[in-house]
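Undergrad: Listed below, chain by chain, are the residues.
2 protein chains.
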Amino acid sequence: MTAAMTATRPEAAVLVVAGTHGNERNAPWMLQQWQLHPAALADAGLDLQLVLGNPRAHACNRRYLERDLNRCFAPALLSDADVSGPELERARELLVLHGPEGRQPCAVALDLHSTTSAMGNSLVVYGRRPTDLALAAAIQARLGLPVYLHEADAEQSGFLVERWPCGLVIEVGPVPQGVIQAPICRQTQLALEGALGALAAARAGRLRLPEQLLVHRHLGSLDLPRASDGTPLACIHPQLQHRDWHPLRPEDPLFLDRSGSTLRLRDVLPAEPGVSVVPVFINEAAYGEKGIALSLTRRESWPVQEAWRAELERLAAPLVPAVPQSTG
Amino acid sequence: MTAAMTATRPEAAVLVVAGTHGNERNAPWMLQQWQLHPAALADAGLDLQLVLGNPRAHACNRRYLERDLNRCFAPALLSDADVSGPELERARELLVLHGPEGRQPCAVALDLHSTTSAMGNSLVVYGRRPTDLALAAAIQARLGLPVYLHEADAEQSGFLVERWPCGLVIEVGPVPQGVIQAPICRQTQLALEGALGALAAARAGRLRLPEQLLVHRHLGSLDLPRASDGTPLACIHPQLQHRDWHPLRPEDPLFLDRSGSTLRLRDVLPAEPGVSVVPVFINEAAYGEKGIALSLTRRESWPVQEAWRAELERLAAPLVPAVPQSTG
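Chains as they are written, first to last, in the numbering used here: chain A, 1 to 328; chain B, 1001 to 1328.
Everything labelled a hint here was simulated from the structure, so no lab data went into it.
One or more hints might be untrue.
What the hints assert, rightly or not - Where chain B lies over chain A, by a calculated footprint (3+ residues, C-beta under 8 Å): (1) 20-33; (2) 173-184; (3) 227-236; (4) 283-295.
It should be emphasised that the depicted structure is a prediction, and the values quoted were computed from it without experimental measurement.
The beta-carbon is built from N, C-alpha and C at its ideal position, and this holds for glycine as well.
Extracted from the complex, chain A is given alone in its bound form:
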């Protein structure tokens, strides 16, 4: 049984992607450092594929050229021969090169992002795959990072990490687009080391998980109030700005309109007595065009299931050790 499973799962590396969005500059800057000095990520002892996600957009310092690369990984889109463009071609290329069945196969994808929202150092998980939940729980146990569980959102799909058997986004902010800040870089490195450490433990069959995983489950997104021509009629209320992860009550301010009037949560959403929502990605620069001023989540504590650990350990078992680097 074990032999048969190993045969169907060849040796694999961990894919680390930076710069999936070309104007997020911190992780790509770290990536250059890691490429020059692999010892900086060597503690976990795993073979890594370090990849710049969207090199052409990075060269232009723009999020993307024609289409958001991190919405290109929907199977229907990838397989549609009638749809092309630089980002879709890059998505297909990344799968050919580093996909689970690619030339240098990767079993896990870690996608490093930054945001103008005050998300701090955080994780985004797409759906409820046991491997992802195990990895998120292990990182949360090590570093205490909050987890945004994105699911059931027909408007936003096709995320890169979904095409690998395990993967999540490390999301750090606030930092402006186009700007490198040392603390953002440090947090990115810290979260990545936490993820790699968890994967190394899983590979060794020694993954330790907490009893509970605290998730912020996606409920929906809110757009700014807009005129019929799309012009925003309000902005994020200053009392909400930078309050990502802080529970919102029905009477809390949400938007400030042009006349100076406050729109409150209860004005926008019917209140459920005793139930609070938790906002994330408040005023992310790139989400304006997607009609998202913020997303709302529900904070839930989930019992960690034994099956999650087993699935991640099974997936991580064939991960290749890093080739030892000469130092000095």
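Since chain A is already given, all that's left is putting chain B on it; use the hints.
TA: The following block gives chain B in isolation, referenced to the frame of chain A:
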């Protein structure tokens, strides 16, 4: 004499430009408000021309399409028939429409910008024109805003306001590109009201100036240390980030290199004993491509000259009163 001077100076308006850079979103959002509700800027009682600087770049949420509009106003460039492109055409158009000799002539240009640097609410003046110094001094007396005097910088020229007889930039930050934040909007409005109030006083011959103008005189700019291929080898030191306007001593940290070593001011610039420099525009997102990680200034207190007041009052005398708006 007065009649002759009036004859050479026809009635003129005040030009208010927002969105000279298409990814600076706060002032353009206020501009829409002012266009819909002119009463919001009516206190000064001046006729205003409210203009979106670079509408095509604004529509794309990019700083510019081909060329920085706020470097297109050099006379040699404007008059060079061999040079074109969307920004240069827009610069010429703005002068035809609203230049001092334009169809709707403006005597003063107020150009509203935002920055990812922690400049707070601040003024940028280009060179030492008496009218600009008078206007800056009057706003500083009203609101205490710091003034960055940009001059003698061959690398950076062709600023919009230089083509009007009087003009300055209102620069507010920090705010990410592409993001609207209510406090940035409020500061923009406050500084603009201060400028218009000063111009109204000058028009009425009642301009009151302080005894001293505190300026931060441009000395030069520093780029990040870079590899031969242009790759940055260091980032802004976290102890310097957001410290715009705070004097730097020779031993203060400037950059943090990839190995974690600190580069200090004295490592980059020879120290002049007892003389401090004051940094501005630290880590402005758009200046990376210009090779500017920060600019250094010297803080100086200049006696305000009577001639400044006289020149601004003479320039402001033909400013047209606002057409009264019906309210309600």
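Undergrad: Confirm or reject each hint.
TA: Structure-based check of each hint:
{"no.": "1", "hint": "20-33", "in the structure": "holds (count 3)"}
{"no.": "2", "hint": "173-184", "in the structure": "holds (count 10)"}
{"no.": "3", "hint": "227-236", "in the structure": "holds (count 4)"}
{"no.": "4", "hint": "283-295", "in the structure": "holds (count 5)"}
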